[in-house]
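Trainee: Below are the chains, spelled out letter by letter.
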Amino acid sequence: MPWDRVRLALTLLMVDPCRLGGLWLRARASPLRDRVTGALAPMSPRKIHTAIDDTALFGGLDLAGTLAAGRPVHTRGLLADGGVVLLSMAERCPAGLAARLGQALDCIPSEGRARTCLIAVDEGAGSEEGLPQALADRLGLFLSLDGLAWADTAPLAVPEAALAAARARLALLPHDPSALDRLVESAAQLGIDSARAPLLALNCARAAAAWRGHPQITPEDLVAAAELVYAHRATALPPSEDEAQPTPPRPDPATGSEPETEQDQPDALPDETLVEAARAALPPDLMARLAGLRGAKAMRAQGSGAGSANNSFVRGRPLPARRGTPGSGQRIDLVATLRAAAPWQVLRQSMRRGDRLVILPGDMRIRRHEERSTRVLIFAVDTSGSQAMTRMAEAKGAIELLLAEAYARRDHVALVTFRGDTADLTLPPTRSLVQAKRRLAGLPGGGGTPLAAGLQTALSAAQQARSKGMTPVIAVLTDGRANISLDRRPGREAAAADATRIARAIAASGVGSIVIDTGVRPQPALDALARAMGSECLALPRARAPQLSAALGALMGA
Amino acid sequence: MTPFPFSAIVGQDEMKLALILTAIDPGIGGVLVFGDRGTGKSTAVRALAALLPPIEAVEGCPVNSARPEDCPDWASVTDKRMTTRPTPIIDLPLGVTEDRVTGALDIERALTRGEKAFQPGLLARANRGYLYIDEVNLLEDHIVDLLLDVAQSGENLVEREGLSIRHPARFVLVGSGNPEEGELRPQLLDRFGLSVEVSSPKDIETRIEVIKRRDAWERDHEGFMAEWQRQDAALREAILRARVALPLVRASNVALHDCASLCLALGSDGLRGELTLLRAARALAAHEGADEVSRGHLRRVAPSALRHRLRRDPLDEAGSTARVARHLTEVLP
Numbered sequence: 001m002p003w004d005r006v007r008l009a010l011t012l013l014m015v016d017p018c019r020l021g022g023l024w025l026r027a028r029a030s031p032l033r034d035r036v037t038g039a040l041a042p043m044s045p046r047k048i049h050t051a052i053d054d055t056a057l058f059g060g061l062d063l064a065g066t067l068a069a070g071r072p073v074h075t076r077g078l079l080a081d082g083g084v085v086l087l088s089m090a091e092r093c094p095a096g097l098a099a100r101l102g103q104a105l106d107c108i109p110s111e112g113r114a115r116t117c118l119i120a121v122d123e124g125a126g127s128e129e130g131l132p133q134a135l136a137d138r139l140g141l142f143l144s145l146d147g148l149a150w151a152d153t154a155p156l157a158v159p160e161a162a163l164a165a166a167r168a169r170l171a172l173l174p175h176d177p178s179a180l181d182r183l184v185e186s187a188a189q190l191g192i193d194s195a196r197a198p199l200l201a202l203n204c205a206r207a208a209a210a211w212r213g214h215p216q217i218t219p220e221d222l223v224a225a226a227e228l229v230y231a232h233r234a235t236a237l238p239p240s241e242d243e244a245q246p247t248p249p250r251p252d253p254a255t256g257s258e259p260e261t262e263q264d265q266p267d268a269l270p271d272e273t274l275v276e277a278a279r280a281a282l283p284p285d286l287m288a289r290l291a292g293l294r295g296a297k298a299m300r301a302q303g304s305g306a307g308s309a310n311n312s313f314v315r316g317r318p319l320p321a322r323r324g325t326p327g328s329g330q331r332i333d334l335v336a337t338l339r340a341a342a343p344w345q346v347l348r349q350s351m352r353r354g355d356r357l358v359i360l361p362g363d364m365r366i367r368r369h370e371e372r373s374t375r376v377l378i379f380a381v382d383t384s385g386s387q388a389m390t391r392m393a394e395a396k397g398a399i400e401l402l403l404a405e406a407y408a409r410r411d412h413v414a415l416v417t418f419r420g421d422t423a424d425l426t427l428p429p430t431r432s433l434v435q436a437k438r439r440l441a442g443l444p445g446g447g448g449t450p451l452a453a454g455l456q457t458a459l460s461a462a463q464q465a466r467s468k469g470m471t472p473v474i475a476v477l478t479d480g481r482a483n484i485s486l487d488r489r490p491g492r493e494a495a496a497a498d499a500t501r502i503a504r505a506i507a508a509s510g511v512g513s514i515v516i517d518t519g520v521r522p523q524p525a526l527d528a529l530a531r532a533m534g535s536e537c538l539a540l541p542r543a544r545a546p547q548l549s550a551a552l553g554a555l556m557g558a
Numbered sequence: 001m002t003p004f005p006f007s008a009i010v011g012q013d014e015m016k017l018a019l020i021l022t023a024i025d026p027g028i029g030g031v032l033v034f035g036d037r038g039t040g041k042s043t044a045v046r047a048l049a050a051l052l053p054p055i056e057a058v059e060g061c062p063v064n065s066a067r068p069e070d071c072p073d074w075a076s077v078t079d080k081r082m083t084t085r086p087t088p089i090i091d092l093p094l095g096v097t098e099d100r101v102t103g104a105l106d107i108e109r110a111l112t113r114g115e116k117a118f119q120p121g122l123l124a125r126a127n128r129g130y131l132y133i134d135e136v137n138l139l140e141d142h143i144v145d146l147l148l149d150v151a152q153s154g155e156n157l158v159e160r161e162g163l164s165i166r167h168p169a170r171f172v173l174v175g176s177g178n179p180e181e182g183e184l185r186p187q188l189l190d191r192f193g194l195s196v197e198v199s200s201p202k203d204i205e206t207r208i209e210v211i212k213r214r215d216a217w218e219r220d221h222e223g224f225m226a227e228w229q230r231q232d233a234a235l236r237e238a239i240l241r242a243r244v245a246l247p248l249v250r251a252s253n254v255a256l257h258d259c260a261s262l263c264l265a266l267g268s269d270g271l272r273g274e275l276t277l278l279r280a281a282r283a284l285a286a287h288e289g290a291d292e293v294s295r296g297h298l299r300r301v302a303p304s305a306l307r308h309r310l311r312r313d314p315l316d317e318a319g320s321t322a323r324v325a326r327h328l329t330e331v332l333p
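So the protein lines, in turn, are chains A and B.
At position 174 of the first sequence (counting the first as 1) the number is 174 in this note's numbering, and the numbers step up by one without a gap.
At position 1 of the second sequence (counting the first as 1) the number is 1 in this note's numbering, and the numbers step up by one without a gap.
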């Protein structure tokens with residue numbers, strides 16, 4: 001992403017922060033990122049983190065202060081005044097917080113409530129991690145600092161006077177229906193369904209026009225809007241210009257003013273230019289990543305759906321109470337609190353000269369529960385040539401039966417496929433069976449058998465799931481003829497050695513697993529692999545669905 | 001700024017009709033809206049708040065009681081004057097705690113004044129109104145259980161922290177979500193009277209109109225509201241008229257027979273399907289000024305009333321909407 005674009009985005013955000021919704025900044029911690037966030041300092045953003053509780057956001061009773069003062073002390077929430085809020089580590093934002101921030105962003109300004117602008121700093125590593133979709137949809141601008149070097153950048157300071165002048169021009173900017181038409185059309189061509197996107201793009205184009213001192217929105221401003229607002233939302237690449245695509249005639253029955261505006265702007269921009277602009281700003285491997293990304297986002301939105309932390313404050317088997325302050329999600333354990341305060345009452349009452357119970361902040365105890373975590377079933381499916389030739393249909397059938405079982409038990413499922421020389425997380429953990437089914441049906445087959453890569457991807461998916469508090473189980477479906485090693489080279493011996501190595505790693509990580517042999521004849525090599533994984537091997541001809549699900553059920557402790 | 005006017009929402013007719021029907025007859029029992037982001041789900045619900053006729057309630061009552069004698073004892077309501085207030089539409093955010101939903105011991109009063117008092121939760125505030133859950137499919141299971149219980153009994157029972165309290169909690173449940181992100185438990189699905197599917201409009205003209213109106217609403221708020229307020233007011237009048245007409249709408253044996261045979265053909269579980277279908281058709285008849293439920297009314301509300309009640313094969317691709325449509329043409333030609 002060129003620095004010019006970054007600079008423009010930051011400037012526009014400062015011109016009209018609230019109408020743009022905010023900024024999704026995707027960057028790992030670096031001096032460069034500090035330069036970018038530093039440039040936003042004049043907006044004096046207030047920082048929040050993903051573990052923030054409701055009291056801090058929306059205000060409430062300050063319990064510690066109340067107890068110390070002996071009268072109610074209320075705090076005013078960060079969001080009560082609107083303004084600019086900076087959320088760091090946004091990729092870890094739980095669905096609940098995302099929903100509440102989304103509500104604050106949607107909030108209609110009325111008496112006593114101001115609009116909020118959110119800057120979400122997303123440090124997600126792979127395509128699996130990212131901002132929850134609920135927020136990504138509401139933030140207008142997107143910036144990614146990948147591939148930008150320190151030398152390309154320059155310090156950024158926007159003079160306050162220039163901003164004020166731009167804001168003044170923004171207020172006077174005339175309404176331009178044709179700009180809106182063009183933005184909506186290009187959004188449709190890019191496969192952007194949300195109605196928020198064109199609206200945000202329009203506001204972005206307006207801010208750009210105001211900043212550049214244009215008397216009305218010009219094609220240049222529209223291009224800027226397409227680059228900054230549309231590029232990262234695109235879900236479909238429109239046909240490029242060499243595939244001659246006749247522009248459909250656009251009747252305009254509503255406003256008779258269309259010809260007039262055309263005259264006003266002799267250089268009126270054909271819609272393709274906007275789409276091209278967005279296309280130029282697209283990441284190069286977009287199409288390849290699209291499928292994965294969308295799934296990944298859906299997964300993120302699952303958030304704390306039900307697979308939340310193992311140590312819950314809300315439900316599950318009770319654990320001993322712990323010292324702490326009740327806040328969002330943490331409930332006071334009244335009895336334990338009183339018990340903690342009891343021994344000191346004589347002393348405290350004599351000091352305070354009261355006859356009431358005296359409870360100090362330090363006495364507060366909160367409840368804790370141990371929650372049984374959600375299970376996630378990771379299928380690692382071999383779709384290589386040998387497998388496809390023999391038993392692909394049966395393997396798919398078996399998985400579908402297991403999926404139906406998983407549905408009944410409300411487990412999450414994930415799908416890893418391996419063929420050729422790589423393995424992909426085709427479907428990140430989800431509860432949506434429809435999606436799993438769809439992905440499974442569309443699986444291509446053919447190529448080598450990179451068993452080691454498949455196991456590795458499954459293991460990393462399992463570890464990610466575990467870090468989210470889920471209990472993962474891996475089910476490997478293969479015919480066992482590994483012939484591609486981890487470094488993507490053909491060769492049976494190296495491939496088998498790699499596979500065994502990863503299998504041992506799976507055993508060491510303590511993730512439950514099962515190997516399902518889908519070959520025509522049972523492979524002894526797979527038995528050895530299963531032993532290395534610390535699991536058992538079932539041959540598909542014998543592995544009827546009930547048997548399979550019973551085996552998996554036993555693994556998951558169902 | 002006032003919310004976006006309900007009548008200015010472009011398209012999404014099924015969703016709008018479902019919301020209007022529940023406004024006419026709250027007994028229909030809620031609306032579930034499933035669809036993509038940015039398709040106007042929450043806009044419609046917020047707009048509903050401004051559209052609905054206000055309710056009469058006791059001034060100081062936390063559960064919006066309609067008569068002074070209905071106020072719960074624990075609330076110790078002092079101010080028993082009647083006031084009109086807008087129909088409550090309460091948001092139930094994701095990640096909400098149980099305390100906030102059901103209400104809990106008022107810690108502030110317990111600690112500062114040593115009193116054991118009940119602090120009402122969202123369910124109390126939603127009484128006689130609407131409870132709106134965005135992303136309902138991501139709601140945690142224990143909150144869902146709680147809602148199921150209350151939605152069925154119409155009463156919230158709190159037994160915790162030494163409190164034993166009950167209060168009425170009759171509300172219309174409105175849920176929205178994106179089915180790609182997770183599914184809803186069948187038990188909760190069944191509690192929603194109507195379910196509708198929304199999607200982004202597919203043609204450019206409609207999309208431009210959507211953005212145009214929304215933009216006009218932001219830019220020229222006063223003018224836009226003035227333009228649409230009249231239509232909203234007309235709709236409000238229509239809802240009020242339909243509420244009066246509702247008890248007078250007859251349902252003939254033929255209509256009952258139609259309901260039953262459709263549900264039988266679809267194999268929907270339980271009898272809630274028939275009941276909701278009939279109620280919704282009756283509300284639609286009242287809305288349209290008819291004095292009897294006709295087959296046309298049934299046909300129009302059947303997809304919303306039944307599509308989420310079919311026994312579902314989780315791996316069925318075609319979706320329930322197609323199944324309902326197929327049986328509709330067969331059973332109710």
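I should point out that these hints are in silico values taken from the structure, not numbers from a laboratory.
Don't be surprised by glycine CBs; every beta carbon is placed ideally from N, CA and C.
Possibly wrong hints are sitting among the right ones.
Stated by the list, open to error - Covered by chain B, according to a simulated footprint, are these stretches of chain A (three or more residues, beta-carbon under 8 Å):
id : stretch
1  : 185-197
2  : 464-478
To be verified - Distance ranges between label pairs, derived from CB positions:
id : chain 1 : residue 1 : chain 2 : residue 2 : range
3  : B       : Gln229    : A       : Thr235    : 56 to 64 Å
4  : A       : Ala80     : B       : Glu227    : 30 to 38 Å
5  : B       : Glu155    : A       : Gly65     : 53 to 61 Å
6  : A       : Leu360    : B       : Lys116    : 15 to 23 Å
7  : A       : Ala80     : B       : Lys116    : 27 to 35 Å
8  : B       : Arg326    : A       : Arg322    : 31 to 39 Å
9  : A       : Ala80     : B       : Glu56     : 27 to 35 Å
10 : A       : Ala80     : B       : Thr2      : 17 to 25 Å
11 : A       : Thr235    : B       : Glu56     : 47 to 55 Å
Trainee: If a hint holds in the structure, say so; if it doesn't, say that too.
Mentor: Okay, the hints, checked on the actual structure:
no. : hint                              : result
1   : 185-197                           : holds (count 8)
2   : 464-478                           : violated (count 0)
3   : Gln229/B <-> Thr235/A: 56 to 64 Å : violated (37 Å)
4   : Ala80/A <-> Glu227/B: 30 to 38 Å  : holds (32 Å)
5   : Glu155/B <-> Gly65/A: 53 to 61 Å  : violated (36 Å)
6   : Leu360/A <-> Lys116/B: 15 to 23 Å : holds (20 Å)
7   : Ala80/A <-> Lys116/B: 27 to 35 Å  : holds (30 Å)
8   : Arg326/B <-> Arg322/A: 31 to 39 Å : violated (57 Å)
9   : Ala80/A <-> Glu56/B: 27 to 35 Å   : holds (31 Å)
10  : Ala80/A <-> Thr2/B: 17 to 25 Å    : holds (21 Å)
11  : Thr235/A <-> Glu56/B: 47 to 55 Å  : holds (49 Å)
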